[in-house]
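Engineer: Here is how the chains run, residue by residue.
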Amino acid sequence: MYRYDEFDHAFVKARVAEFGDQVARRLSGTLTEDEFKPLRLMNGVYLQLHAYMLRIAIPYGSLSPRQLRKLAHIARTYDKGYGHFTTRQNLQFHWPKLTDVPKILEELAEVEMHCIQTSGNCIRNVTADHFAGAAADEVADPRPYAEILRQWSSLHPEFSYLPRKFKIAVTGAERDRAAIEVHDIGLHLKKNDKGELGFAVYVGGGLGRTPMVAKKIRDFLPEQDLLSYTTAILRVYNLNGRRDNKYKARIKILVHETGTEELTAAVEAEYAALKDSELRLPDADIRAIETYFKPPRLAARPEGDRAVATAGKTNPGFADWLGRNATTHRNPDYACVTISLKGIGEVPGDASDAQMDAIADLAEQYGNDEIRVSHEQNLILPHVARADLPALHAALVEIGLATANAGLITDIIACPGLDYCALANARSIPVAQEISQRFASQARQAEIGDLQVKISGCINACGHHHVGHIGILGVEKKGAELYQITLGGSAREGSTIGEIIGRGFGPEEITDAVETIVETYLAHRQGREETFLDAYRRLGQAPFKEALYGHEARAA
Amino acid sequence: MKILAANRLTDGETVWLGAGDRWVETIDAAHVARDKEAEERLSAAGDAALAANLVLDVTLVDIDLSDGRVLPSRLRERIRAGGPSIHPDLGKQARNAAQHAA
Chain A
1 MYRYDEFDHA FVKARVAEFG DQVARRLSGT LTEDEFKPLR LMNGVYLQLH
51 AYMLRIAIPY GSLSPRQLRK LAHIARTYDK GYGHFTTRQN LQFHWPKLTD
101 VPKILEELAE VEMHCIQTSG NCIRNVTADH FAGAAADEVA DPRPYAEILR
151 QWSSLHPEFS YLPRKFKIAV TGAERDRAAI EVHDIGLHLK KNDKGELGFA
201 VYVGGGLGRT PMVAKKIRDF LPEQDLLSYT TAILRVYNLN GRRDNKYKAR
251 IKILVHETGT EELTAAVEAE YAALKDSELR LPDADIRAIE TYFKPPRLAA
301 RPEGDRAVAT AGKTNPGFAD WLGRNATTHR NPDYACVTIS LKGIGEVPGD
351 ASDAQMDAIA DLAEQYGNDE IRVSHEQNLI LPHVARADLP ALHAALVEIG
401 LATANAGLIT DIIACPGLDY CALANARSIP VAQEISQRFA SQARQAEIGD
451 LQVKISGCIN ACGHHHVGHI GILGVEKKGA ELYQITLGGS AREGSTIGEI
501 IGRGFGPEEI TDAVETIVET YLAHRQGREE TFLDAYRRLG QAPFKEALYG
551 HEARAA
Chain B
1 MKILAANRLT DGETVWLGAG DRWVETIDAA HVARDKEAEE RLSAAGDAAL
51 AANLVLDVTL VDIDLSDGRV LPSRLRERIR AGGPSIHPDL GKQARNAAQH
101 AA
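Residue numbers (UniProt numbering), protein chains in the order written: chain A, 1 to 556; chain B, 1 to 102.
Derived from the structure by calculation, the hints contain no laboratory data. Worth double-checking, as some hints may not be accurate.
Within a straight-line C-alpha distance of at most 25 Å, the following computed SDA-like cross-link-like pairs (lysine to any residue) qualify [unchecked claim]:
| no. | chain 1 | residue 1 | chain 2 | residue 2 |
| --- | --- | --- | --- | --- |
| 1 | A | K478 | B | T10 |
| 2 | A | K478 | B | S85 |
| 3 | A | K246 | B | T59 |
| 4 | B | K92 | A | Y78 |
| 5 | A | K478 | B | A6 |
| 6 | A | K37 | B | V24 |
| 7 | A | K37 | B | L71 |
| 8 | B | K92 | A | S352 |
| 9 | A | K37 | B | A98 |
| 10 | A | K37 | B | L65 |
| 11 | A | K97 | B | S85 |
| 12 | A | K477 | B | T10 |
| 13 | A | K478 | B | E25 |
With these hints in hand, go ahead and build the complete structure from the sequences.
Structural biologist: Here is the structure:
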């Protein structure tokens with residue numbers, strides 16, 4: 001993991017002191033709310049329905065056990081005993097007092113954490129593949145580059161007042177687990193024919209009110225030019241992005257209105273001017289950052305196959321969990337483990353202080369001291385010996401975190417929605433809970449196979465509904481909640497935006513509607529190997545429309 | 001009919017303007033404006049409290065009275081008055097339940 005040097009410590013400490021002073025001045029009345037609001041947002045402090053909310057940055061979703069224990073401590077001491085992991089690989093507390101925030105920031109700084117740039121019109125937490133440095137299909141670890149981007153973008157004077165927020169994601173594998181095509185900048189780390197590292201660069205993706213898939217504007221950018229090229233993109237955006245209308249201010253609108261070709265030309269022109277500047281990354285600097293992310297020394301554990309086979313025979317729960325929640329590691333003796341924060345009927349992404357402490361213990365005992373947060377709102381232990389999987393599974397059963405549903409219909413992404421959020425129009429979490437309960441049967445979930453349900457409580461799309469295989473958007477209509485369904489979205493490579501299937505459904509109808517869609521898929525698929533998404537792409541909307549609305553058309 | 005809702009500066013707690021221009025923590029204690037003039041009085045008191053740095057996010061909220069109890073028209077404000085619907089153990093609803101149990 002990256003470790004703070006003296007500069008980093010001093011930088012965060014100074015920022016904590018600065019914000020502590022700003023809070024004190026706000027409380028004394030020296031600063032008005034209008035003056036304070038942009039300052040608190042830059043430090044991750046929002047106001048929600050019931051209280052303030054504090055969003056803590058977890059760079060590219062990487063956590064040490066010590067950091068996770070600190071988050072558990074903060075949940076217990078200053079909040080209500082739980083935290084909510086988000087689709088930006090961050091953590092939110094929903095009940096902090098403003099008067100406690102300076103103290104919380106001091107505690108976070110002790111473990112090299114902060115809340116800087118978790119809000120505001122700046123470059124937000126850079127996200128990455130949650131299996132980075134472990135996945136078998138990875139060309140190179142994306143985290144060193146994410147860390148370089150983090151350092152470069154932190155309080156960047158030129159990019160602290162952008163037209164709108166700006167999100168960057170990096171993946172190092174062909175299989176895109178970081179949703180790079182729905183980010184403002186998506187970077188796909190790869191090798192060229194000569195074996196050199198570089199990036200395919202995607203620009204102008206995003207969800208929200210106007211969902212768009214990013215355009216690839218460069219097939220190969222040498223790694224040394226990472227900062228000159230991203231600076232070029234940000235400059236073009238900062239200069240030309242719209243500031244007259246908040247809803248048209250993201251770079252996706254600029255790309256759309258300018259045209260990909262013209263925008264690419266502008267970026268390339270800026271890049272040509274910057275290419276040989278101090279932004280060019282010396283090889284030694286890249287390699288120095290890489291050393292922070294050296295893979296752990298993994299001892300040979302060839303007994304894994306036998307241990308797993310034995311446990312699988314005697315414990316069907318383990319076999320289910322192994323099948324869904326263990327992913328192939330580059331070392332055949334090891335696996336990447338997904339700890340599902342989607343227990344049946346639970347709140348997606350929530351973890352209690354006791355669970356966070358227990359996961360920190362398990363990461364030390366079985367996981368080589370590493371924890372990741374996935375944008376799918378689960379926690380990951382990226383390096384677990386297969387021989388330890390039965391013991392890890394048993395320990396997860398003890399703390400209620402052994403749900404075997406990674407990638408299944410109950411592994412739902414949901415934003416906090418109207419239960420907490422001041423922007424929401426409808427609740428998301430109760431919908432997720434009811435769908436989860438309806439499809440609780442492990443056998444039924446396994447029969448359905450890979451299916452991503454994503455739920456947002458408003459058009460801002462924090463729940464990524466546009467890229468759900470089944471997406472659900474909550475709106476308010478005549479004072480009541482109404483849920484609109486989109487089908488066929490995907491945030492994987494070759495991302496697609498889901499299509500609205502028809503009229504929305506009330507809170508009492510939405511789970512039935514999802515079930516109808518699932519049953520229609522099962523009835524029409526060409527076999528178990530044809531996933532929901534593949535079947536939808538083959539069949540189109542017609543059979544789903546007929547199943548959902550056919551009786552209405554016939555009655556009319 | 002309207003009441004005036006806000007969040008308290010120090011801790012973000014949802015509060016409403018009650019009798020004697022005091023900010024109260026339960027919606028049932030909110031002062032109900034039944035005409036335009038009373039609404040304007042609420043708004044003026046809200047502006048003053050905002051300027052005095054007591055509260056933020058001050059908004060007039062549409063309500064009905066049901067059996068003498070204040071019921072906001074919008075679900076948003078009903079959730080704001082009770083707490084997260086998914087967590088009856090948290091927020092004002094939990095405190096109210098504890099008081100009733102006592």
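Engineer: Hint by hint, say whether it matches the structure.
Structural biologist: Status of the hints after comparison with the structure:
Between A:K478 and B:T10 the alpha-carbon distance is near 34 Å, which puts this suggested pair outside the 25 Å criterion. At most 25 Å may separate the alpha-carbon atoms for a hinted pair to count; A:K478 and B:S85 meet this at roughly 20 Å. Our distance criterion of 25 Å between C-alpha atoms is met by A:K246 and B:T59, whose separation comes to about 22 Å. For the proposed pair B:K92 and A:Y78, the alpha carbon gap of about 18 Å is at most 25 Å, so the pair holds.
Between the alpha carbons of A:K478 and B:A6 the distance comes to roughly 24 Å, so the proposed pair stays at or under 25 Å and holds. Taking the CA atoms of A:K37 and B:V24, the gap is near 24 Å; set against the 25 Å cutoff, the hint holds. For the proposed pair A:K37 and B:L71, the alpha carbon gap of about 30 Å is over 25 Å, so the pair is violated. For the hint linking B:K92 to A:S352, the alpha-carbon distance of about 20 Å falls within 25 Å, and the restraint holds.
For the suggested pair A:K37 and B:A98, the alpha carbons sit about 35 Å apart, so the restraint of at most 25 Å is broken. This hinted pair does not check out: A:K37 and B:L65 have alpha carbons roughly 34 Å apart, beyond 25 Å. Taking the CA atoms of A:K97 and B:S85, the gap is about 21 Å. The hint holds against a cut of 25 Å. In summary, the hint linking A:K477 to B:T10 is not supported, as the alpha carbons are separated by about 34 Å, beyond the 25 Å threshold.
Note on A:K478 and B:E25: the hinted pairing is violated, with a Cα-Cα distance of about 28 Å set against a maximum of 25 Å.
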